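Read off the chains here:
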Amino acid sequence: MAESWIILGATSSMARAFARAVAERGCAVFLAGRDMDDLKATAADCRQRGAALAEALPFDARRPEGFAALIARLEREEGQINAAVFVGSMPDQAAIDADPALIDGVVADNLAGPARFLQMLAPVLEARGGGTVVGVGSVAGDRGRLGNYVYGAAKAGFHTYLSGLRNRLGRAGAHVLTVKPGFVDTAMTWGLEGMFLVAPPEKVAADILRAVDRRRNVIYTPFFWRWIMLVIRAIPEPIFKKLSV
Amino acid sequence: MRWKTTEYTGWGRALRARADLARPERQSALAALTAKTPSPAIGQLRSYGDVALNNGGRAIDMTRLDRILGFDEDSGIVEVEAGVRIGDLGLAFASRGWIAPVMPGTGFATIGGCIANDVHGKNHHVAGSFGQHVVEITLLQRGRRRRLTPERTPDLFRATVGGLGQTGVIASAKLRLMPCPGDMMVLTERRIDGWDEFLAMLDSSRANYTVGWIDATAKGARLGRGILEEGEITSGVSPSRSRAREVPFDAPQWALSAPVVRLFNEAYFRRVPARGRTTVKPISAPFFPLDKIHNWNRLYGKRGFHQFQCVVPVAEAPALRRMLERIANSGLASPLAVLKRMGEGRAGYLSFPMEGYTLAVDFPNRPAAVALIAELERMTEEAGGRIYFAKDALSSPERVRRMYPEHEKWLKAVTRADPDGHLITDMVRRLKLRSA
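From first to last, the protein sequence lines stand for chains E and A. Note that my numbering gives residue 214 to position 136 of the first sequence, counting from 1, and the numbers run on in steps of one. Note that my numbering gives residue 1277 to position 16 of the second sequence, counting from 1, and the numbers run on in steps of one.
Chain E with its partners taken away, still in its complex shape (with noise of 0.2 Å):
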């Protein structure tokens, strides 16, 4: 059956690996972001590794005026369509600490974009009865934390929002895959202090593949951060305020 991915955010490693992964399944992907020289390049890579098609689409999660199109591009495609988004952006919360403004554009890019864009694709899904949206959230919105609390802050509106979002496609038959990854070495995290356990975007790609087959509803990638989290979860606030993990 013919199957189309439209990967929001395609420029970042793990988006790319997610690209090469559905690519060698033979299956329609669309690749949208900011900088189009790059976009055309992975789509050139998906082609020759098999995907069905390529294309890169301009999508700039902070412009919504340019959603209608891309929904429209992806309503020509026939078969079941899938959405993967992994658009998101981490300032170093000193620099928003230093300009508060900068918060407008972490809620952008990590949450009010991405909603808006699934939101206007979800009656697509609902109409076709079928098809699956991956969302990539963060370890980081399980808990708020002195290093990085507005990313976190956005990462959980995000997560709030794709599990009621589950809850309204599920009874069309869709499904929606929420993805918390741990540390991955990407551009994100290149030269960042603290870094442990870092995954490469090969393995979480597989990983969100892998959930995507079995129907999962929320996966931590690696698996462990699922017990690392929990541990993070379960110290009481008290103590929590007064730790900088």
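Think of the hints as simulated: they come from the structure by calculation, not from any bench. Everything numeric in this text was worked out from a predicted model, so none of it was measured. Heads up, the beta-carbon is just placed ideally off N, CA and C, and yes, glycines get one too. Keep in mind that a hint or two might mislead.
[Stated by the list, open to error] Below, a sample of chain A positions facing chain E; criterion: calculated Cβ distance under 7 Å:
(1) 1265
(2) 1268
(3) 1269
(4) 1276
(5) 1277
(6) 1279
(7) 1284
(8) 1287
(9) 1331
(10) 1508
(11) 1510
[Said to hold, decoys possible] Once the Cα atoms are required to be at most 30 Å apart in a straight line, the calculated DSBU-like pairs of lysine-lysine come out as:
(12) 281(E) to 1693(A)
(13) 1542(A) to 281(E)
(14) 1563(A) to 1693(A)
(15) 1673(A) to 1297(A)
(16) 1297(A) to 118(E)
(17) 281(E) to 1563(A)
(18) 1265(A) to 118(E)
(19) 1435(A) to 1563(A)
(20) 1435(A) to 118(E)
(21) 1553(A) to 281(E)
[Stated by the list, open to error] Covered stretches of chain E, as calculated for chain A (at least 3 residues, CB under 8 Å):
(22) 116 to 125
(23) 261 to 270
Please build the complex by placing chain A on the supplied structure of chain E, with the hints as guidance.
For chain A alone, coordinates are given in the frame of chain E:
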């Protein structure tokens, strides 16, 4: 772009560097880096010595720029980013009837590294060096994008191929793939009892892929015994691949001590029946035999190892035999020793190949081995041969200058390409390659 301060080594792990590394994931980020902070590019760090090291400086890690940008089914020309691994590219099109014409002994090497070291494979006597199949290189010089071809920019092309990254950062390249009947290889292995027989067999071999494994511990009448491998690409159904294994920690010092190596080599020699044998294998097995064991370099312990590789002209085979005698008598050799007949194919001013015989032997990093390698280098120079930059960690400026007669041409082109010396690496400093 954030920089990550890290300690890293070449594959031999004998030399180390501490440097700030940037790892761009997009061409735009790479171009910006080369404009603002021009630095040497590094790949998978599969060269043995210090080609890719820049202690106290910066380097650009190219491994995330690993996309196949296009393929023309008619001409077989493929365009790839520099961080694509040769093993991935070489085999990606095999089921469609195309294969990389030259593949080095590890599939993990990047295309950028294959170009910058003008690598060769088991078919050098037929196909020549890697650079001879490169039709275009996109080079970044301080943010400026230049397209090099052997026809339009012969001088800069020859200075870039085998040029150790000194002319600019290779962003992408177009290579001409070779038609192939499938993705399997028919491999014939036979025992060779001694040196003279080995040379005769290498000279008379008609196979496209020919390489000899030498038991570098065998002495006297058995000196130069080993196994000759001849391969041809064929079609067929690939059996399921066995999984890669990993060396999880640095091995203790005795792991590759003389008695262990002697026992291993005896077993390795006898593994092939006396009458020889022919098998059919997936193509990756004979091309990249050691890639199945990840981090096999850790077998040499934390002090690391050196690979000595030289090539000498055909007429100087007796000199090579004397070198092997020295090696056998030293008791320092490891199981990895390779003898091969080379053709004359080379594509750059500093390319390694010359018509003759090449010998490569690994040694654990010990003072006695370092002294032996110095002696072997002296013998190589006397024989009119040369050593391979991709393997070297020990040689001297004067020696390599005499081994590479085209160095002056290279230096002229490089001085124009990188006048401020932004791309200088530890090897270039050690061997004073950038000074006249």
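Hints, verified against the model:
1. Residue-level restraint check for residue 1265(A) holds (minimum Cβ-Cβ distance to chain E is 3 Å; threshold 7 Å).
2. Of the supplied interface hints, the one on residue 1268(A) is violated, with its beta-carbon coming no nearer than about 14 Å to a beta-carbon of chain E, more than 7 Å.
3. A distance limit of 7 Å between C-beta atoms decides the matter here; for residue 1269(A) the minimum to chain E is near 14 Å, and the interface restraint is violated.
4. Because the beta carbon of residue 1276(A) sits about 23 Å from the nearest beta carbon in chain E, more than 7 Å, this interface hint is broken.
5. Interface hint at residue 1277(A): violated, since its Cβ lies 19 Å from the closest Cβ of chain E, which is beyond the 7 Å cut-off.
6. Evaluation of the residue 1279(A) hint against chain E yields a violated restraint, the C-beta minimum of about 14 Å exceeding 7 Å.
7. Restraint check, residue 1284(A) versus chain E: the minimum CB separation of about 6 Å is within 7 Å; hint holds.
8. Residue-level restraint check for residue 1287(A) holds (minimum Cβ-Cβ distance to chain E is 4 Å; threshold 7 Å).
9. A cut of 7 Å between beta carbons decides the hint on residue 1331(A): the least distance to chain E is about 6 Å, and the hint holds.
10. Interface restraint check: residue 1508(A) against chain E, minimum CB-CB distance 19 Å, threshold 7 Å, status violated.
11. Hint status for residue 1510(A): violated, given a least beta-carbon distance of 18 Å to chain E, over 7 Å.
12. In summary, the hint linking residue 281(E) to residue 1693(A) is not supported, as the alpha carbons are separated by about 42 Å, beyond the 30 Å threshold.
13. A C-alpha spacing of about 28 Å is found between residue 1542(A) and residue 281(E), which places the hinted pair at or below 30 Å, so the restraint holds.
14. Of the pairs offered as hints, the one joining residue 1563(A) and residue 1693(A) holds, with about 28 Å between alpha carbons and a cut-off of 30 Å not exceeded.
15. Among the hinted pairs, residue 1673(A) with residue 1297(A) is consistent with the structure: their alpha-carbon atoms are about 24 Å apart, no more than 30 Å.
16. This hinted pair checks out: residue 1297(A) and residue 118(E) have alpha carbons roughly 25 Å apart, not beyond 30 Å.
17. Distance check on the hinted pair: residue 281(E) and residue 1563(A) sit about 28 Å apart at the alpha-carbon level, within 30 Å; holds.
18. Pair hint residue 1265(A) plus residue 118(E) holds up; C-alpha atoms about 28 Å apart against a cutoff of 30 Å.
19. Distance restraint check for residue 1435(A) and residue 1563(A): the Cα-Cα separation of roughly 38 Å exceeds the 30 Å cut-off, and the hinted pair is therefore not satisfied.
20. Between the alpha carbons of residue 1435(A) and residue 118(E) the distance comes to roughly 17 Å, so the proposed pair stays at or under 30 Å and holds.
21. At most 30 Å may separate the alpha-carbon atoms for a hinted pair to count; residue 1553(A) and residue 281(E) meet this at roughly 19 Å.
22. Residues of the segment 116 to 125 of chain E lying with their CB closer than 8 Å to a CB of chain A number 5, which satisfies the three-residue condition for coverage.
23. Counting residues of the segment 261 to 270 of chain E whose CB lies closer than 8 Å to any CB of chain A gives 5, so the stated coverage by that chain holds, three being the minimum.
The structure shown violates the earlier hints numbered 2, 3, 4, 5, 6, 10, 11, 12, 19.
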